[in-house]
Amino acid sequence: MNEPEQMEAGFENFDERVQIIDKLMDEYSDAILHLVYTYVKNETTAEDLTQEIFIKCFEKLHQFNERSTLKTWLYRIASNHCKDYLKSWHYRKITLNDKIFDYIPSMSKTEDEIIAKDEEDILAKAVMELPLKYREVVFLHYYEELTLKEISKITAMNPNTLKTRLKRAKEILRHKMTKEAE
Amino acid sequence: MGDPFTNLKSALKKTVFKDISFSEERKTAVRNSLQESPSSTQLHSWKEETLKTILESLKQEAKDGYEISSLLFQKNDSSFRNKEGELYTLLHLLENKSIIAARWYDEKKYYSLTGKGKKILAVTRREKSPQQTSLKQLILEASI
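Chains A and B are the protein sequences, given in the same order. The first sequence lines up with residues 1 to 182 when you count with this note's numbering. The second sequence lines up with residues 1001 to 1144 when you count with this note's numbering.
Please keep in mind that the hints were generated in silico from the structure rather than gathered at the bench. Mixed in with the good hints, there may be bad ones.
Below, computed lysine-lysine pairings styled on DSS-like, alpha-carbon distance capped at 25 Å [to be verified]: (1) K93(A) - K170(A); (2) K1063(B) - K1118(B); (3) K1013(B) - K125(A); (4) K1063(B) - K179(A); (5) K1013(B) - K23(A); (6) K1116(B) - K41(A); (7) K1014(B) - K133(A); (8) K1083(B) - K83(A); (9) K1009(B) - K163(A); (10) K1116(B) - K60(A); (11) K153(A) - K60(A); (12) K167(A) - K1013(B); (13) K60(A) - K125(A); (14) K1013(B) - K71(A); (15) K71(A) - K133(A); (16) K1097(B) - K176(A); (17) K176(A) - K1109(B); (18) K41(A) - K1052(B); (19) K149(A) - K163(A); (20) K71(A) - K1018(B); (21) K1075(B) - K1013(B); (22) K1009(B) - K167(A); (23) K71(A) - K163(A); (24) K1116(B) - K179(A); (25) K133(A) - K153(A); (26) K133(A) - K1013(B); (27) K1052(B) - K1063(B); (28) K170(A) - K1075(B); (29) K1013(B) - K41(A); (30) K23(A) - K1027(B); (31) K1027(B) - K1052(B); (32) K125(A) - K1116(B); (33) K176(A) - K149(A); (34) K167(A) - K133(A); (35) K1014(B) - K170(A); (36) K133(A) - K1052(B); (37) K1116(B) - K1047(B); (38) K1097(B) - K1118(B); (39) K1097(B) - K1109(B); (40) K1063(B) - K1075(B).
So here's chain B without its partners, still in its complex pose (with noise of 0.2 Å):
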């Protein structure tokens, strides 16, 4: 008796496979999504409350990250808690969508709001509506 799975491979091929292949279409939406993936996801996984301690902390003066972690924790936030140097990659992405600047100065690094992180501010305070524009909403926006 020989072996029933020997013709599996063409059987198969021209049979139930035949009209079955991975389209163009469906190779694009992946690396669509694949863009997408690293910076909303990463926005949407800090507080609102957070992300608006911070900012307002830098309207006044540019502060670096030890002083910014301090004031979160006097202001009870806990999303650093046990791992601050998440801290800095929530920094570091408000940086490249150009939220916030840093500086290097006297071997510490500064950040400060920059004209369009003061606008969404703004914006937000502004709004006093039900349904207030959220600040990651107005951040994702923004780097369109």
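Only chain A is shown next, with the shape it has when bound in the complex (with noise of 0.2 Å):
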């Protein structure tokens, strides 16, 4: 007579799934949003992206284990959904039309190089221009104000490996700036 009682918790649990999922929606979608547009660079993509993430997260939350936080762990699944999607075969093609299309000169281009003036979006371009494996740990530290540690936890890196990539980002961006400057 077990299995039934056992069915019923099996709901009981999916409620409470729901629930939360709705939580994370609440408190992270924003900050999901913008750690996949690090990544990706595009807002529909983004969007997509974070839905899909939260679907993930649904599906998978009979594994989290109390090892790290729900925000770490949603992180991380985030942080990998991103990369597999570079990874696709999808991405690559897309990226590639775009690659064609940038070689055709536009009058939008000049006219976002003219915006771009102002101290804070020469940072925030800059940033969005470094190499994907610096732009993260930058993202995450310093948007996120995420510790090194954690940041480990996400990306499954050595936190030593992450503080030499935060310091040549440094290097890169002032290297970058002083050229702006001149």
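Can you join these two chains into the complex? Each is in its own frame, and there are hints to help.
Structure below.
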């Protein structure tokens, strides 16, 4: 007679999982969307991927163990999902198309360059142009204000490697900014 | 030399992320797919033939899980080989969708077709057109 009871518990669990995802969306959906955007740099794609990330979390919620916080666990799923996307055939195909478009001179590009004068614009733009491995750690550390230990849990990378990357990112940025100023 | 990233947070907030927010529509889309995911995906993971064998077998008389399992084995259906427990998941799913009903008798749970289950089975048997409506489809439609 045990079986029906177990099933009951399973369905309670379903509602509980829905509630958890609801809460996570309320608290972190903008942060996750921004994280995803730093990876993919396209608003619609970022929204699609964020949607998929919350669905993925829902499906994996039973695998969550208390060794990390729900937040770092969510960030980790998000980061992996973005990396998978960037590796995908679909993404490679569309970026190739974009690259072809880049060779076609357009009006909007020059307009962008004119607007990007303000200091904050320059900083934001420079960070978004960093290679992914630096952009990732810079975003998580300075925007999300996470510690290197937390970032290491999210990215599955050694804190020392992350430290080196941050240092290197600073060098690249200083170099860029002095060039801008000239 | 100061840290070049000190103002990054406010800089990104005012520029790149200024209009980027996860909308209420997007949240609703997530919620909707969560509600759809359990039943529909589970049903899709079983073969049409398996569903048919199970439902057909319950048409004449109620059977318990072990009898259904033996019947599938006789018919060389290997869907539940080495994962016999999943048969009960499927039966429970069909029960939730009111395709079958279960009753406890003599410490065993017996399954039988409901009126809805009989109807669905009858429809699939009647249709002989090339684009036969699948049982899965009918079950999903009936439970909306």
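Now the hints, each set against the structure:
1. K93(A) - K170(A): With a Cα-Cα distance of about 32 Å, the restraint between K93(A) and K170(A) is violated, given a limit of 25 Å.
2. K1063(B) - K1118(B): Given pair K1063(B), K1118(B) holds - Cα atoms ~15 Å apart, limit 25 Å.
3. K1013(B) - K125(A): holds (12 Å)
4. K1063(B) - K179(A): Violated, at roughly 80 Å.
5. K1013(B) - K23(A): holds (23 Å)
6. K1116(B) - K41(A): violated (50 Å)
7. K1014(B) - K133(A): holds (23 Å)
8. K1083(B) - K83(A): violated (34 Å)
9. K1009(B) - K163(A): Satisfied, since the Cα-Cα distance of roughly 19 Å is no more than 25 Å.
10. K1116(B) - K60(A): With Cα atoms ~34 Å apart, K1116(B) and K60(A) exceed 25 Å; violated.
11. K153(A) - K60(A): holds (17 Å)
12. K167(A) - K1013(B): holds (23 Å)
13. K60(A) - K125(A): Not satisfied, since the Cα-Cα distance of roughly 35 Å exceeds 25 Å.
14. K1013(B) - K71(A): holds (21 Å)
15. K71(A) - K133(A): holds (21 Å)
16. K1097(B) - K176(A): violated (62 Å)
17. K176(A) - K1109(B): Status violated; Cα separation ~72 Å.
18. K41(A) - K1052(B): violated (48 Å)
19. K149(A) - K163(A): holds (10 Å)
20. K71(A) - K1018(B): Given pair K71(A), K1018(B) holds - Cα atoms ~23 Å apart, limit 25 Å.
21. K1075(B) - K1013(B): violated (63 Å)
22. K1009(B) - K167(A): Roughly 18 Å between the alpha carbons, so the hint for K1009(B) and K167(A) holds.
23. K71(A) - K163(A): Roughly 22 Å separates the two Cα atoms, so the pair holds.
24. K1116(B) - K179(A): violated (74 Å)
25. K133(A) - K153(A): holds (15 Å)
26. K133(A) - K1013(B): holds (21 Å)
27. K1052(B) - K1063(B): Within the cut-off at roughly 15 Å; holds.
28. K170(A) - K1075(B): violated (68 Å)
29. K1013(B) - K41(A): Holds, at roughly 15 Å.
30. K23(A) - K1027(B): Given that 25 Å is the threshold and the Cα spacing comes to 11 Å, the pair holds.
31. K1027(B) - K1052(B): Violated - the C-alpha atoms of K1052(B) and K1027(B) are around 37 Å apart, more than 25 Å.
32. K125(A) - K1116(B): violated (61 Å)
33. K176(A) - K149(A): violated (28 Å)
34. K167(A) - K133(A): Judged against 25 Å, a Cα distance of about 12 Å means the pair holds.
35. K1014(B) - K170(A): Between K1014(B) and K170(A) the Cα gap is close to 21 Å, so the pair holds against 25 Å.
36. K133(A) - K1052(B): violated (52 Å)
37. K1116(B) - K1047(B): Holds. K1116(B) to K1047(B) sits at ~20 Å (cutoff 25 Å).
38. K1097(B) - K1118(B): OK: K1097(B) and K1118(B) at ~13 Å, within 25 Å.
39. K1097(B) - K1109(B): Satisfied, since the Cα-Cα distance of roughly 17 Å is no more than 25 Å.
40. K1063(B) - K1075(B): holds (16 Å)
In summary, the numbered hints that this structure violates are 1, 4, 6, 8, 10, 13, 16, 17, 18, 21, 24, 28, 31, 32, 33 and 36.
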